[in-house]
Amino acid sequence: MRLLVVEDDRLLGDGIRAGLAQAGFAVDWVEDGRAAELALDAEPYALVVLDLGLPRRSGLEVLAGLRARGNRVPVLILTARDTVTDRVGGLDAGADDYLVKPFDLAELTARVRALVRRSAGGADPVLRVADVTLDPVARAVTRAGRSIDLAPREFALLHELMRHAGRVLSRERLERSLYPWDEEPGSNAIEVHVHHLRRKLGADLIRTRRGAGYVIERPPAEAPQ
Amino acid sequence: MNAAGARGTPGPSLRGRLVALLLAVTTVAWGAAALWSYYDAQHEIGEMMDAQLAQSAQILLAQAGHEIDDMPVTEIAAVHKYERRVAFQIWDGAGSRLLLRSESAPQKRLSPRDEGFADRALDDQAWRVYSRRDTERDLLVQVAERRVARDELAAAVAFHLLHPMLVALPLLALLIWLAIGRGLAPLDRLAHEVGVRAPDQLAPLDAAAAPRETQPLVSALNALFARVRATLDRERRFTADAAHELRTPLAAVKTQAQVAQGAHTPAERDRALAQVVAGVDRATRLVEQLLTLARIDPQERLPAVADVELAAAALAAVSELGARAATKQITMRLDAPKPVTVRGDATMIEVLVRNLVDNALRYTQDGGAVTVRVARDGATAVLAVADDGPGIPAAERGRVFERFYRIAGTGESGSGLGLSIVRRIVELHHAVVALDDGPGGHGLTVEVRFVR
Chain D
2 MRLLVVEDDR LLGDGIRAGL AQAGFAVDWV EDGRAAELAL DAEPYALVVL
52 DLGLPRRSGL EVLAGLRARG NRVPVLILTA RDTVTDRVGG LDAGADDYLV
102 KPFDLAELTA RVRALVRRSA GGADPVLRVA DVTLDPVARA VTRAGRSIDL
152 APREFALLHE LMRHAGRVLS RERLERSLYP WDEEPGSNAI EVHVHHLRRK
202 LGADLIRTRR GAGYVIERPP AEAPQ
Chain G
1247 MNAAGARGTP GPSLRGRLVA LLLAVTTVAW GAAALWSYYD AQHEIGEMMD
1297 AQLAQSAQIL LAQAGHEIDD MPVTEIAAVH KYERRVAFQI WDGAGSRLLL
1347 RSESAPQKRL SPRDEGFADR ALDDQAWRVY SRRDTERDLL VQVAERRVAR
1397 DELAAAVAFH LLHPMLVALP LLALLIWLAI GRGLAPLDRL AHEVGVRAPD
1447 QLAPLDAAAA PRETQPLVSA LNALFARVRA TLDRERRFTA DAAHELRTPL
1497 AAVKTQAQVA QGAHTPAERD RALAQVVAGV DRATRLVEQL LTLARIDPQE
1547 RLPAVADVEL AAAALAAVSE LGARAATKQI TMRLDAPKPV TVRGDATMIE
1597 VLVRNLVDNA LRYTQDGGAV TVRVARDGAT AVLAVADDGP GIPAAERGRV
1647 FERFYRIAGT GESGSGLGLS IVRRIVELHH AVVALDDGPG GHGLTVEVRF
1697 VR
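Line by line, the protein sequences give chains D and G.
Each number in my numbering corresponds to the 1-based position in the first sequence with 1 added.
Each number in my numbering corresponds to the 1-based position in the second sequence with 1246 added.
No wet-lab data here; the hints were simulated from the structure.
We put the beta carbon where it would ideally sit given N, CA and C, even for glycine.
Check each hint, because a few of them may be wrong.
[To be verified] Ranges between beta-carbon positions, derived for each pair: (1) G:PHE1484 with D:VAL89: 22 to 30 Å; (2) D:VAL89 with G:ASP1479: 18 to 26 Å; (3) G:VAL1523 with D:VAL89: 34 to 42 Å; (4) D:LEU92 with G:LEU1433: 53 to 61 Å; (5) D:PRO126 with G:ALA1569: 49 to 57 Å; (6) G:GLY1568 with D:ALA121: 55 to 63 Å; (7) G:ARG1698 with D:VAL89: 50 to 58 Å; (8) G:ALA1569 with D:ASP105: 52 to 60 Å; (9) D:ALA65 with G:ALA1489: 24 to 32 Å; (10) D:VAL89 with G:THR1255: 50 to 58 Å.
[Stated by the list, open to error] Per the computed footprint, the stretches of chain G lying under chain D, defined by three or more beta-carbons under 8 Å from a beta-carbon of chain D, are: (11) 1495 to 1506; (12) 1519 to 1532.
[What the hints assert, rightly or not] In silico lysine to any residue, SDA-like type, Cα no more than 20 Å apart, as pairs: (13) G:LYS1500 with D:ALA107; (14) G:LYS1500 with D:ALA22; (15) G:LYS1354 with G:ALA1372.
Turn these sequences into a full structure, and let the hints guide you.
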């Protein structure tokens, strides 16, 4: 899952990027409002972590522009001002959540996960498709009650496919969800990860659609999440 | 109202002073009146008693007449205690033979005069003597009275005037005390109004309601309140700004520390820990700059003025920051051929130069050049720090002196306070600071001119 971090403070931006990457997210980090707008227009982010005090274009301006263009990506704002007015202003401008600096990295990642989950319409943190479960917090996967050990990128790929179960995701779309700008995927990286997942989880889970991409089909009995 | 009056033993009581003064004035006035009465009474009593003496002499002459002609010297015994104070003698016409005298009278003549009044000292006592001669019957009558009688009478008159004062004075003191208390009530109300105020209750006192005598005090207090309020507002804003500015570096340190805790590889952990250290360094610098500004900002004038050698201060700053320049491969040049002295605070001038050089090093790219120049331009001492970094766009030059103002996109995490500190120090030294392009039209030159 790919996130955008907009933070002009170098040490903090770097820390948030590293912390969210540890939690399994693919993170892009930009340092000003203008760059944030360009990135948001170009990439399919699952969530934006937005600092309010930004050079060139303030966080609130970026947020307002985003919502005006109909982009409904979840936005979590970071603010150094903890007055009620500041927080209310951010939420009213279309933010989904806020954190006051200094914050706890664990809390940030938990809120990010909750926002992503809610935007996908699910309240249950554990994803289930047929007899496969995926717990994003514990980073645990089971099939038919049996625990499966996955590499971080394999986990991220499975997470992305299960989150959009029933939808065909192109190889390019998956690459862009899994790899931030500073990590160039190998030409057949997605194929390799899919191959590994099929070996660990069974060949029937992930289907290939020729010329379209990959999909995890939802069993007909299951109501769509 | 000095500090000693505020606590411990209070200063002298205004009320006590007023009571003492009024009582003293009243006593003196009363005393003067009594003294005047004494002299006046003495004079009137003198006239009256003289008349009495003359009358007594007449009566004595009339009475004496015929019987005493052949009498031996006779003494008349005293009947009343005051008779010791009066005396008479009757002599023959020549005044050589004493015919009759009172017991209190001496043997010799009371007065050498034959007619009229005389003041005489007999047996160490002062007497008033009246002499009268009857030429027909050839008799000389002398009637005398001790002066002390008159003095006592005059003193009694004066004393009777003083008498009620002994009763009146304590009563007067009490009344004055109460009256002054009432008179000073507006002062008490004023003190109460100031006394019950909370420390942040700094609205001006109602000058119209205060008595005229306290107007200077009320205006002074209101001026003080205004100054305290301005200071308090400034401190509050400063504290809020400082707290806000510290949140970001603290957030960075905390986040990086937690990244280190969650690191999967030693390399990842080491990198995060290095960022923690960098973050702490930055927060430390921010705190130092905040403290510097907090120290110099409220000052209204320089605490200590001395001759400060500007070139030496520049050399100190260049040496101190030489290592930083070396790590960025910045060529640093000091152009200070002659000593230049300015009047000012040595510590502040060092802070000023260090901040300017530090800024230049911070915003100049690796391999750049920074020049510090100290020169004299007529009566003006000039300190200029020039770099060939990105410079400051002309539109932003006015704003960079504001607190926490950082130019966007420099990638440098300065405190945002360096130039605020510079501006404050410049103000305190009555100097001027100007920003201009660097040498060759790029970069930045900061020039401080100390006018003599």
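Cross-check of the supplied hints:
The hinted window of 22 to 30 Å between G:PHE1484 and D:VAL89 holds, with their beta carbons roughly 25 Å apart. Taken as a hint, the range 18 to 26 Å holds for the pair D:VAL89 and G:ASP1479, whose Cβ atoms sit roughly 25 Å apart. For the pair G:VAL1523 and D:VAL89, the supplied restraint of 34 to 42 Å holds, since their beta-carbon distance comes to about 37 Å. The hint said 53 to 61 Å for the Cβ distance between D:LEU92 and G:LEU1433, and at roughly 56 Å that hint holds.
Distance hint for D:PRO126 and G:ALA1569: a CB-CB separation of about 52 Å, consistent with the stated range 49 to 57 Å. Range check, G:GLY1568 to D:ALA121: about 57 Å between beta-carbon atoms, so the 55 to 63 Å window is met. Against the hinted window of 50 to 58 Å, the Cβ-Cβ separation of G:ARG1698 and D:VAL89 comes to about 55 Å, which satisfies the hint. Hint check: G:ALA1569 to D:ASP105, Cβ distance near 36 Å, so the stated range 52 to 60 Å is violated.
About 27 Å separates the C-beta atoms of D:ALA65 and G:ALA1489, a value consistent with the hinted range of 24 to 32 Å. The hint said 50 to 58 Å for the Cβ distance between D:VAL89 and G:THR1255, and at roughly 56 Å that hint holds. Only residues whose beta carbon comes within less than 8 Å of a beta carbon in chain D count, and the region 1495 to 1506 of chain G has 10; three or more means the coverage holds. As drawn, the region 1519 to 1532 of chain G meets chain D at 4 residues by the rule of a beta-carbon pair under 8 Å; at three or more, the given contact holds.
Between G:LYS1500 and D:ALA107, the direct Cα distance comes to roughly 11 Å. Compliance with the 20 Å bound is thereby established for this hinted pair. This hinted pair checks out: G:LYS1500 and D:ALA22 have alpha carbons roughly 16 Å apart, not beyond 20 Å. Simply put, G:LYS1354 and G:ALA1372 have alpha-carbon atoms about 16 Å apart, close enough for the 20 Å limit, and the pair holds.
Consistency note: the structure conflicts with earlier hint 8 alone.
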